[in-house]
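Undergrad: Let the hints inform the model, and build the full structure from the sequences given.
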Amino acid sequence: MSLAARVFSTDHKVIGLQFFWSGLAMTLFGALSAMLIRWQLAFPWTAMPVAGGIVFPKSGGVPSPEFYSALFTFHGTVMIFFVVIPLLTGWLGNYLIPLCIGARDMAFPRLNMLSYWIMPLAIACLVTGFCVEGGAAQAGWTSYPPLSTVPSAAPGSLHGQTWWLLAIVLLGISSTLGAINYITTIVKLRAQGLSFLRLPLVVWALFLSACIQLAGLPVLTAGGILQLCDRVLETGFYSANGSPLLWQHLFWFYGHPAVYVVILPAMGVVSDVLSVHGRKGVFGYRPMVFSMLGITVLGFMVWAHHMFVSGMNPALGMAFGIATTLIALPSGVKVFNWLATLWGARIQLTSAMLFALGFVALFITGGLSGLWLACTPVDVYMHDTYFVVAHFHFIVFGGSVFGLFAACYHWFPKMFGRMLDERLGRVHFVGTFVLTVGVFLMMHQLGLAGMPRRIADPTVYPSLRHLAPLNVSITWCALLLAGWQVFFLANLFWSLARGPRAPRNPWRAASLEWEADSPPPHGNFAVQPQVERGPYEYDPRQGGEDFLPQAARIPAP
Amino acid sequence: MTRALHRPTFLVCGALAFALTGCGFQPAPGALKLSLNASSVAALSDAPEKQKELEALLVKYFGTRAGPRYELLESWKSEGLDPNHAEKEFTPESFAPIVAANRERLAYEIAHAPGPEAARQLENTYPSLAESAELYRTQCMHCHGVEGGGDGPTGATINPKPRDVRKGIFKFTAVKDKARPRREDLVELLERGVYGTAMPSFARLSLTEREGLADYVRLLSIRGEVESMLVQSWKDDEKLDDEAAVEAIEIVFGRWMKAREKVIAFDGVVPADSPAMRAHGRELFLDPKKGNCFSCHGAEGHGDGALAFKTDAQGRKTPAYHDDWGFEILPRDFSTGVFRGGSRPIDIYRRIYAGINGTPMPGIGETKGADGELLMKSDDLWSLVHYVRSLGERAE
Amino acid sequence: MRALVATLFAAFALLVLWSFVVAPQRGWAMPENVATLGVAVDGLFAKIQWVVGVFFLLTVGLLSWIVWRNAQGGGGRRSAVSKHTKLEIVWTIVPGAILVWLALVQIAPWEAMKFSNSIPRGADGRPKPALCEVWASQFDWHVLYPGADGRSGTGDDLHSPYELVVPVNEPVVLSLHSRDVIHSFFVPSFRLKQDILPGRETLVWFECTKAGEYDLLCAELCGFGHYKMAGKVRAIPRAEYAAFLERKTRELHSNGMEDRK
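Chains as they are written, first to last, in this note's numbering: chain A, 1 to 557; chain B, 1 to 396; chain C, 1 to 261.
Rather than coming from a laboratory, the hints here were simulated on the basis of the structure. Keep in mind it's a predicted model, so treat the numbers as computed, not measured. Where is the CB? At the ideal position from N, CA and C, for every residue including glycine. Hints are supplied without guarantee of correctness; some may be wrong.
To be verified - Between beta-carbon pairs, the in silico distance windows are:
hint, chain 1, residue 1, chain 2, residue 2, range
1, C, His253, B, Phe327, 26 to 36 Å
2, A, Pro151, B, Pro360, 22 to 32 Å
3, A, Val127, B, Ser39, 53 to 63 Å
4, B, Ser35, A, Pro218, 21 to 31 Å
5, C, Thr249, A, Cys131, 51 to 61 Å
6, C, Thr36, B, Ser35, 22 to 32 Å
7, B, Ala31, A, Val127, 23 to 33 Å
8, A, Trp117, C, Val94, 43 to 53 Å
9, A, Val232, B, Lys310, 26 to 36 Å
10, B, Thr336, C, Thr249, 16 to 26 Å
11, C, Leu17, A, Pro469, 19 to 29 Å
12, B, Glu300, C, Pro127, 27 to 37 Å
13, B, Pro360, C, His253, 23 to 33 Å
14, B, Glu300, A, Ile54, 49 to 59 Å
Claimed, not checked - Calculated cross-link-like contacts (lysine-lysine; reagent style PhoX-like; alpha-carbon spacing at most 20 Å):
hint, chain 1, residue 1, chain 2, residue 2
15, C, Lys210, C, Lys232
16, B, Lys52, A, Lys58
17, B, Lys176, B, Lys368
18, A, Lys58, B, Lys176
19, B, Lys33, A, Lys58
20, B, Lys50, B, Lys60
TA: See below:
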């Protein structure tokens with residue numbers, strides 16, 4: 001097979017792993033920017049490691065305030081658009097969907113390949129922003145105009161912001177193509193006997209998040225094109241004489257459901273992992289499906305809770321406040337069902353299970369902190385403070401990233417044909433869990449004390465100066481947390497090269513992907529499986545053969 | 001992974017994990033030094049060893065970035081001396097009354113402080129130059145640059161550019177004849193900010209912090225002027241030594257000492273605004289022989305007068321004037337109601353009386369007509385003031 | 001491993017509890033509320049804290065217990081039950097009811113803070129005029145008190161960069177404006193925050209109940225100077241407020257020579 005055919009492969013597994021590797025690479029940059037942000041917050045106006053010497057030699061390595069703005073803009077953009085969404089939808093979605101439904105590949109393999117290769121273009125656009133006059137985009141990943149549209153409002157709004165918008169528009173196209181593929185594949189290519197209510201929850205989650213992407217991305221893309229027009233063609237959609245709020249509505253109409261795209265697949269992974277490694281069926285399969293459906297639908301009705309104090313009509317604030325308070329319900333139901341799944345289960349504390357358990361604990365925390373934010377009068381205080389930062393990091397890091405780790409430990413054997421080292425995995429989990437709490441827990445208190453987001457130096461305000469020790473301890477935990485991932489990376493690369501070969505079904509799991517070899521060949525299954533039952537037929541009361549695979553057994557000839 | 005490899009792997013990973021947290025980091029700014037002006041470097045490009053000599057002289061007489069000091073005034077500074085209060089020549093005998101005047105002023109500020117908290121802040125001692133240098137580094141350097149050259153990283157893309165203090169030219173002062181500002185002018189500007197630009201109000205700093213910053217900015221300004229004088233001295237007479245440095249410092253310092261003499265003094269009550277004053281002001285505004293303001297500022301004060309722009313060969317309009325720092329400058333548009341140097345009547349009076357140092361805005365407070373008499377009487381000036389202020393009023 | 005993990009989750013739950021309980025005495029909580037409209041905010045915060053606290057300790061505690069009992073060596077009873085409709089109904093209805101209650105109790109305080117018919121009214125029943133205009137720009141706060149003519153934007157305005165002085169114990173209406181991009185007027189001690197859109201007037205209102213000085217922060221990214229867009233709100237008795245206005249008026253008409261020799 002030629003190099004071109006390998007690189008531009010249309011096999012969903014190759015594409016999935018391409019998303020995996022580029023997602024992993026972008027994580028390093030997103031994490032680096034986070035470390036630099038934390039450095040400035042703990043030690044304002046000191047020499048910034050790594051970046052200071054390169055970008056600010058004349059200032060003794062001390063960053064400028066607009067560089068700090070570029071850092072957090074880059075951090076948010078990379079982590080959401082180039083790490084979690086590509087990893088959850090691009091890596092897991094691409095890899096697992098055909099395998100879990102017993103198909104040979106996606107419905108549109110070439111479209112699939114195209115949707116991956118748009119990503120490097122988008123990355124190139126983002127990076128170009130750092131090389132133009134004025135530097136990279138500095139208006140936050142939310143890019144509110146007029147800060148983002150008026151060239152004199154910020155150095156990054158000279159040219160960098162245009163490159164940022166191009167990157168976002170390209171990503172929108174890539175994800176939309178992916179969503180079309182996933183939905184079509186799941187609807188049309190399921191194996192015989194595989195009804196919707198026999199799908200593993202991870203497939204349901206990927207299906208629903210693809211629906212969200214399909215419905216929401218066109219709005220973001222349109223809004224982004226309008227902003228490009230304002231910047232390049234000097235139209236006035238978002239100007240002071242137009243409506244800056246229009247951008248906020250268009251952005252958050254996608255931006256809020258996007259966070260459900262970020263959490264649903266992780267929830268699906270956790271359901272699967274808790275079940276397989278607990279040897280017990282997921283509790284309340286149908287309520288779990290309905291909860292995810294509820295999250296998907298309600299997720300499109302709450303976007304303006306990001307805008308309670310924006311100056312929009314407060315009657316809207318009231319309506320969205322009520323809807324937002326109610327959307328806690330389906331997530332809460334899922335938490336109870338996970339706990340009930342674990343009740344009476346035969347829990348094996350594998351690395352995958354550990355991260356799934358960690359997900360549950362941290363997602364509960366992040367979700368509950370959202371109750372304060374959903375209450376509009378309280379959100380008046382909390383909006384744009386570190387309380388919000390704590391809330392979403394518990395969910396995106398404690399939730400989605402822990403879910404991604406669980407997925408990696410669980411499906412690595414299938415994807416790479418080797419086993420990851422369990423002991424390294426356990427050490428990885430314990431340190432990551434403790435340090436995640438160390439980094440993000442006290443951010444609730446920072447926000448309660450009134451510390452706003454996106455400020456380069458909190459010590460300007462007399463009422464925030466006493467928070468300096470908290471900021472320092474958070475920074476040390478963050479640096480250690482980043483360093484701790486060495487355990488994961490060492491495990492990953494060592495096991496890829498020298499890990500023990502993985503059997504076809506090391507976890508003795510029931511769903512269809514484990515019918516294929518580890519790793520599956522091109523075409524996945526020698527014979528297309530026929531499905532006889534649901535995906536969670538486990539019995540923790542038994543030892544030995546305690547599960548029934550989803551696929552029918554073909555009698556030996 | 002085999003069990004045998006576990007232990008070394010954990011050790012290596014653990015070490016890496018902790019190493020990445022950088023136990024060796026000392027959170028501090030990196031090496032920062034006061035460099036030479038780019039124009040000095042260019043002028044001395046044929047004599048690189050002279051660049052080093054110049055730098056050494058500046059370090060000797062003005063200290064380093066972290067340890068700024070006036071070599072010549074070292075003993076005087078520790079007495080809390082403010083040379084701006086000197087009325088005559090500097091002599092050791094003139095210290096005592098100067099120091100007393102300095103302390104008296106502090107007592108006045110304390111008595112007039114807006115609240116007990118502010119009074120308490122004032123009672124702290126003045127920050128040292130080194131403390132002010134550190135405050136400058138964290139608050140001002142990113143726009144105004146290490147040497148006060150307006151060349152900090154943030155300054156590159158903002159308009160108007162941050163001030164380059166190395167020429168000793170300050171726009172919004174209470175002095176005339178293009179003199180150096182009073183210390184109070186700098187302190188008040190820090191409190192007020194330059195409204196309408198990226199220079200914010202620093203009222204959140206205490207009065208003594210602002211005074212310390214003013215002292216440090218003055219040091220940077222004097223150092224900058226001395227530097228260009230020394231470069232000139234080398235080019236003219238090939239002199240670049242202690243003697244030339246002391247001579248330059250005395251000249252430049254003398255300029256700052258004269259601020260007291262150059263204050264635009266207006267005794268008495270500021271005349272009240274009235275429709276009659278505004279009408280008279282408008283006449284003067286439009287009279288080519290009197291105010292002649294419209295020629296630059298336009299008939300309605302929108303900054304679009306005939307002299308404001310020049311037309312190039314392609315018929316495009318570009319600003320006709322440049323300021324003393326080499327940047328394009330347009331006459332002020334009064335209809336915005338934003339006055340960068342302060343919007344009180346006395347502030348506008350000072351701009352009209354003495355002009356704005358560093359810009360083409362001329363002062364007409366002491367201009368004499370063909371008959372040898374003052375062109376503008378006091379009431380004329382105040383009429384102009386009230387008229388110009390009225391241009392910025394919002395309609396009902 | 002079982003013991004470690006169960007302890008980890010239990011310790012986590014206790015740490016979270018501790019961080020919220022000790023927060024007030026360490027300055028990790030909201031500063032003292034000094035505004036009338038803030039009382040309801042603090043009340044809602046406390047109610048939600050109870051709900052969140054109970055559910056948090058319950059669920060994470062349960063998680064820790066389950067790991068302890070059901071991981072290898074725990075001796076817990078195994079069960080294959082994965083369906084229980086009655087339980088599903090209970091844990092949907094009960095939290096649902098609590099959420100509906102939370103959704104309803106927030107309505108009245110929100111209306112009082114933001115709805116335009118909640119603006120404080122003068123003795124004649126008409127909305128109180130704004131005490132002053134607050135102009136947010138890149139990067140500071142500039143307050144314009146109307147002078148003798150009662151209108152802001154005229155020559156007799158009293159300018160106050162950085163400091164907003166208001167009378168205590170009476171309703172105050174402020175007219176907020178932005179010169180350029182979106183800023184946000186945030187006074188933590190008043191539980192007050194409002195984004196300021198350029199090109200229009202935004203009204204806020206409050207009644208401060210305690211004289212003192214309170215931080216004013218910008219709470220919407222507005223450029224490189226967002227972090228230093230600090231201001232100060234000083235609440236003083238009405239009598240002193242009149243003296244403050246007189247002092248500003250004298251400053252306006254100053255000849256620049258008073259204290260200088």
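Undergrad: How does the Cβ-Cβ distance of Val232(A) and Lys310(B) compare with 26 to 36 Å: does it lie in that range?
TA: 30 Å, holds
Undergrad: Are Trp117(A) and Val94(C) spaced within 43 to 53 Å by their CB atoms?
TA: This hint holds: roughly 50 Å between Cβ atoms.
Undergrad: Does the Cβ-Cβ separation between Thr336(B) and Thr249(C) fall within 16 to 26 Å?
TA: 24 Å, holds
Undergrad: Compare the distance between the alpha carbons of Lys50(B) and Lys60(B) with 20 Å, and conclude whether the hinted pair is satisfied.
TA: Between Lys50(B) and Lys60(B) the Cα gap is close to 15 Å, so the pair holds against 20 Å.
Undergrad: Is the gap between the beta carbons of Thr36(C) and Ser35(B) within 22 to 32 Å?
TA: 56 Å, violated
Undergrad: For Ser35(B) and Pro218(A), compare the CB-CB distance with the range 21 to 31 Å and indicate the outcome.
TA: Violated - the Cβ-Cβ distance for Ser35(B) and Pro218(A), about 53 Å, lies outside 21 to 31 Å.
Undergrad: Given the hinted pair Lys176(B) and Lys368(B), is their alpha-carbon gap at most 20 Å?
TA: Measuring from Cα to Cα gives roughly 15 Å; hence the hint holds.
Undergrad: So the hint says 51 to 61 Å: do the beta-carbon atoms of Thr249(C) and Cys131(A) match that?
TA: At 54 Å between Cβs, range holds.
Undergrad: Does 19 to 29 Å hold as the CB distance between Leu17(C) and Pro469(A), or does it fail?
TA: Given a distance of about 21 Å, which is inside 19 to 29 Å, the answer is holds.
Undergrad: Taking only the CA atoms, is the gap from Lys58(A) to Lys176(B) under or equal to 20 Å?
TA: Violated, at about 36 Å.
Undergrad: Next pair to validate is Lys52(B) with Lys58(A); report whether the Cα-Cα distance is within 20 Å.
TA: 18 Å, holds
Undergrad: Between Pro151(A) and Pro360(B), does the C-beta distance stay in 22 to 32 Å?
TA: 27 Å, holds
Hint compliance for this structure: hints 3, 4, 6 and 18 are broken, all remaining hints hold.
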